[in-house]
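Just so you know, the protein sequences line up as chains A and B, in that order.
Numbers in this note's numbering are just positions in the first sequence, counted from 1, shifted up by 588.
Numbers in this note's numbering are just positions in the second sequence, counted from 1, shifted up by 40.
Calculated directly from the structure, the hints in this document are not laboratory data.
All values derive from a computational prediction rather than experimental measurement.
We put the beta carbon where it would ideally sit given N, CA and C, even for glycine.
Check before you lean on any hint, since a few could be wrong.
[Said to hold, decoys possible] Short derived list, chain B residues pointing at chain A, Cβ under 8 Å:
{"no.": "1", "residue": "E200"}
{"no.": "2", "residue": "M204"}
{"no.": "3", "residue": "R245"}
{"no.": "4", "residue": "D249"}
In case you want the letters, here they are:
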Amino acid sequence: MTQINNSLVKLENVGVFANDKWLVKGVTFEINKGQIVTLIGPNGSGKTTTAKITLGLYKDIEGKVQKFTEKIAYVPQRINIDWTLPIRVNDFMNLTNTLTNDEIKDALEITGTPHLINKDLKSLSGGEFQRILMARAIAKKPELLVLDEPVQGVDFNGEIALYELIKKISDTLNCGILLISHNLHVVMSKTDHVVCLNGHVCCSGTPIDVANNEKYQEIFGKDISKILSVYEHTHDHIHNIDGSIEKKK
Amino acid sequence: MLDDFFIRALLVGIGMAIVTGPLGCFVVWRRLSFFGDTLAHSALLGITLSYTTEINMALSVFVTSSIVALILLKLQKTTNLPSDALLGLLAHSSLAIGLVVIGLLATIRFDLMGLLFGDILAVNVNDIILVWIGGAIILIVLKIIWKPLFASTVNFELAEAEGMKPEKYNAIFTILLAAIIAISIKMVGLLLITGMLILPAAMARNISDNPMQMVIFSVIGGLLSVLIGLFASLEFNTPSGPSIITAGLLLFILSLSRIKKKAQLNN
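Bound-form chain A, shown alone:
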C-alpha cells in the first residue's frame, strides 16, 4: 500500500513516434517520493524525450503515463529568453507561482546566487542562468522535480556542489527527482535507480547493477568503466543488508 501512495509518476511502456521514427520506445519506470531516478544514455537516445513524456509535453504517445501529483518543477536543458522581454531574476522566480521575498532569497541563497536578484536575465552567464533555473525549481517546493542536464555550463566545483544540492533537496523536501545527466561518475553515488536509454531501455536498476551490465558497458565503452572505477574508488565502503558498514578491501 505505501508503495502505491508514494508513487509520483508511473510510465508504462511509453514511446513517441514522430517524423517516421521512434524517438523513444518501450520505457517503463516509476518515481516515488524521496527517490532519485537517473536517465543516462548517449546523444539522441531519448533522454530529454522521456523527460518530456513524463512532464506531459507530448500529446500523442504510446503507452501510459500516470501522474499522482500536480506540484511539478522543471529545469529544462536549454531555454531561450526573448530579448524583447525585460525580465529580472526576481520576476522569473515568480513565473509559475507566487513566492514571498524570503522564499526567493532562501532559494537563491541555496544555489549561491543571491547577488543576482535584480539582474536582467539576459545579462547572466550560462552557469549563472542554470543556477537560477535550479533556484526557481527549488523555491516551488515541488513533489516531483525534473532536471534535464542541470549542471550545463557550471564549473566543475559548482557541478559537484549542485549534485550535493540535488541530493539534499530530495532528502529535505522528500520529493521525487528525475535527473538526466551524462556525468555518470558524479551522479552515480547520489542516485537510487538508473535507467540506461538507447532508444529503448537497455538496462535499469541500482547504479551498481547498471554499471556491471554488459549492455551498458557496450554502449559506453571502456572509458566509462574507468570513470566508474573512480566512482567506486571514492565510495570506499559497502552498505550491508543489515545496515552495517563494511570497509572495502
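With chain A's structure known, arrange chain B on it following the hints.
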C-alpha cells in the same frame, strides 16, 4: 460636455490607450506584430459582413477576427508552413474577400478611407460606452490570465510542464486581441490598430527594466500619443488617427536616447 466632439474623441482615445498598452506589451513580447495586422485585415471582412447582415459592427468584427485567429492556431498545428507564411495567407485572403464583398455591394457607398484610417472625431456616446465597458472587460480578463499567459510567453514548455496550460491561455489572449480590434476599428481604422498596439509598447521597452514597468510606460505612452495626436490634429487640421500614431512614433524616437545613455553607462 459630451456634446463636444473633441471631448468625445479624447474619452475614446484615453480608454483605448489604457487597453492597448498592456495588450501591446504581450504583442511585442510574443512577436505577434504581424499577427495583429492579420487580425486587423480580417476585420475588413467583418465590417462588410456587418453591412450585409446588419449585425452590430463591433460584434461582427469580433466574431470574424476570432474565427480567423482560431483558424490560424489550427493551421499552425496541422501544417508544416511557418507562421509568417500562414499569417500572410490569412491576412491577404481575408482582406481580398472583404474587398470582393464590398464590390458585390455596389449599391452601398463605402467610405474606404474611413475604414482604413478610422475617424475618432466622429465617435458618439455609444462608442464611448463600448470602448470603456469592452476595454474594462478585456483588462479584467487579462488580469485574471496574466500569470499563466506571462509564463507561457517566457517559455511555453516550462509553463506547460508546470501545469499552466499555455495553449488555453494563448487562445484566450488571441480572442482578447480580436476584441480590442473590434472595439477600436471605428476609431483608428484597421491599418492603424497595430500601430496603437506596437508603438507605445516598443517605446516602453526602451525605457523599462521589468515587465510591470513596461506595461505602465506603455499605457502612459499610449495616453500621451492620444493627447498629443488629437491636439495636434485640431491645431494643424491633420487627420486624427494618423496624428496619434505619428505622436507615438515621436515618443519612440525620444525613448531611443535612453538606450544610448544605457550603452554609454555600460561601456
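Hints and how they fare:
no. : hint : in the structure
1   : E200 : 6 Å, holds
2   : M204 : 6 Å, holds
3   : R245 : 7 Å, holds
4   : D249 : 5 Å, holds
Of the numbered hints given earlier, the model fails none.
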